[in-house]
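Number of protein chains: 2
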Amino acid sequence: MKIYDISMEIHPDMPVYKDLESKKPTFKNVANFKDNSHYETDVTMNVHSGTHVDFNLHMVESGSTSSDAKIEQYISEARVFDLSYVLESITKENLTNLAIRKGDFVIFKTRNSQDEGFNPNFVFVAESAAKYLAEIGIKGVGIDALGIERSQAGHPTHKALMEKQIIILEGLRLAHIRSGSYTLIALPLKLRGLDASPVRAILLGN
Amino acid sequence: MKIYDISMEIHPDMPVYKDLESKKPTFKNVANFKDNSHYETDVTMNVHSGTHVDFNLHMVESGSTSSDAKIEQYISEARVFDLSYVLESITKENLTNLAIRKGDFVIFKTRNSQDEGFNPNFVFVAESAAKYLAEIGIKGVGIDALGIERSQAGHPTHKALMEKQIIILEGLRLAHIRSGSYTLIALPLKLRGLDASPVRAILLGN
Numbered sequence: 001m002k003i004y005d006i007s008m009e010i011h012p013d014m015p016v017y018k019d020l021e022s023k024k025p026t027f028k029n030v031a032n033f034k035d036n037s038h039y040e041t042d043v044t045m046n047v048h049s050g051t052h053v054d055f056n057l058h059m060v061e062s063g064s065t066s067s068d069a070k071i072e073q074y075i076s077e078a079r080v081f082d083l084s085y086v087l088e089s090i091t092k093e094n095l096t097n098l099a100i101r102k103g104d105f106v107i108f109k110t111r112n113s114q115d116e117g118f119n120p121n122f123v124f125v126a127e128s129a130a131k132y133l134a135e136i137g138i139k140g141v142g143i144d145a146l147g148i149e150r151s152q153a154g155h156p157t158h159k160a161l162m163e164k165q166i167i168i169l170e171g172l173r174l175a176h177i178r179s180g181s182y183t184l185i186a187l188p189l190k191l192r193g194l195d196a197s198p199v200r201a202i203l204l205g206n
Numbered sequence: 001m002k003i004y005d006i007s008m009e010i011h012p013d014m015p016v017y018k019d020l021e022s023k024k025p026t027f028k029n030v031a032n033f034k035d036n037s038h039y040e041t042d043v044t045m046n047v048h049s050g051t052h053v054d055f056n057l058h059m060v061e062s063g064s065t066s067s068d069a070k071i072e073q074y075i076s077e078a079r080v081f082d083l084s085y086v087l088e089s090i091t092k093e094n095l096t097n098l099a100i101r102k103g104d105f106v107i108f109k110t111r112n113s114q115d116e117g118f119n120p121n122f123v124f125v126a127e128s129a130a131k132y133l134a135e136i137g138i139k140g141v142g143i144d145a146l147g148i149e150r151s152q153a154g155h156p157t158h159k160a161l162m163e164k165q166i167i168i169l170e171g172l173r174l175a176h177i178r179s180g181s182y183t184l185i186a187l188p189l190k191l192r193g194l195d196a197s198p199v200r201a202i203l204l205g206n
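Chains A and B supply the protein sequences, listed in that same order. First residue of the first sequence: 1, per full-length UniProt numbering; consecutive thereafter. First residue of the second sequence: 1, per full-length UniProt numbering; consecutive thereafter.
If you are wondering where the hints come from, they were derived from the structure by calculation, not from laboratory data. There's no promise every hint is true.
Chain copies aren't distinguished; within one or between two, either way the pair holds.
[As the list claims (entries may be wrong)] In silico DSBU-like pairs for lysine-lysine, Cα to Cα no more than 35 Å straight-line:
(1) K92 <-> K102
(2) K159 <-> K102
(3) K139 <-> K2
(4) K131 <-> K28
Keep in mind that this is a model prediction, so the values were computed, not measured.
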């Protein structure tokens, strides 16, 4: 059994959504060996930085939060599909032949995993695909983009998934991952009442 | 197989080391449904908040950091020992009968798991115990205190463990955990070059 790290590195110059300076993490040294006998850092980061899970509150007023997350759902069998051929967005048509089943945790590998920085034209999950996945009743969906959608007014992809309590895992790094079945571990931090959590996401497989 | 959450909840009023205000996390709302069509939060936290792993840089100048962490070491068989009878510190004498073996990941459950807030007299791992564990060559040690030591000039417990690259996992919540063998998952975030990382720590067991 091998362990594949599918997480983004978190640092002050990491790629962030739309490359906004306000979304870059900051690391502040608060104790060091000049002034103290130990070393400590404060981190400030938007909870949607890097590899993270969204909770419904991100898009739904009074929606469920990190406090409602059921930890056992974040250790799951998961299936990685290579959709590197998709250029713009993953649509229902791209999914209907994939034999996705109720309860699956699906992970979409796209050409995004080749990007070094933030690509404003990242491949996303279109509304038609989200509605299809919600109808099937999947458990979760992961993608190698900082957002599971872009350029869709009203955030219909997030909302279609969130209505069915489908886990949304964003910011994966999948260039080194082949299609197939794995065990996914992506445990959210035990943050009280928030709209997202950074995670260390890994796949266990052969 | 059951999943036991052994993590502290992270929130602005959580217990922190010495109850210092400067160590309390802050949650800053940066987008909400009054002004935006979504909701987002920035979190500021000391990386030693709540349940976390220490890296050598915390106590050793130019020591190894989160970037050097080998992810596979944070998924491990682990043995929980109930040392609730210890009142002050865990010493070598408390450990010699426990049949601790090379390569073990040991977790010490103490009376700290009964504390609601920060207890300045928390039970810690004394230097004699740390040296004993380092001699055996364990893989890691976890404890239900925000620090694995206190009141020891020069931090000899941390240093004895760090010299042997032994993982230090602090801030566990173990009141609901029985002695025995489990699988521990406590993956650090993929932070670049830091002295610690918050983790969501769980035990898998019967």
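**Study point:** Within, between, both or neither, where K139 and K2 count as close if Cα-Cα is 35 Å or less
**Key:** Classified as both; 24 Å inside a copy, 19 Å across copies.
Review point. Which holds for K92 with K102 at a C-alpha limit of 35 Å: within a copy, between copies, both or neither?
Key: Answer is within; shortest intra-copy Cα gap is 16 Å, inter-copy 53 Å.
Exercise for review: Check K131 against K28 for me: Cα-Cα at most 35 Å, and say if that holds within a copy, between copies, both or neither.
Suggested key: Classified as between: cross-chain Cα gap 32 Å, same-chain 42 Å, threshold 35 Å.
Check your understanding: 35 Å Cα cut-off: does K159 pair with K102 within a copy, between copies, both or neither?
Key -> within (18 Å within a copy, 50 Å between copies)
Hint violations for this structure: none, all hints satisfied.
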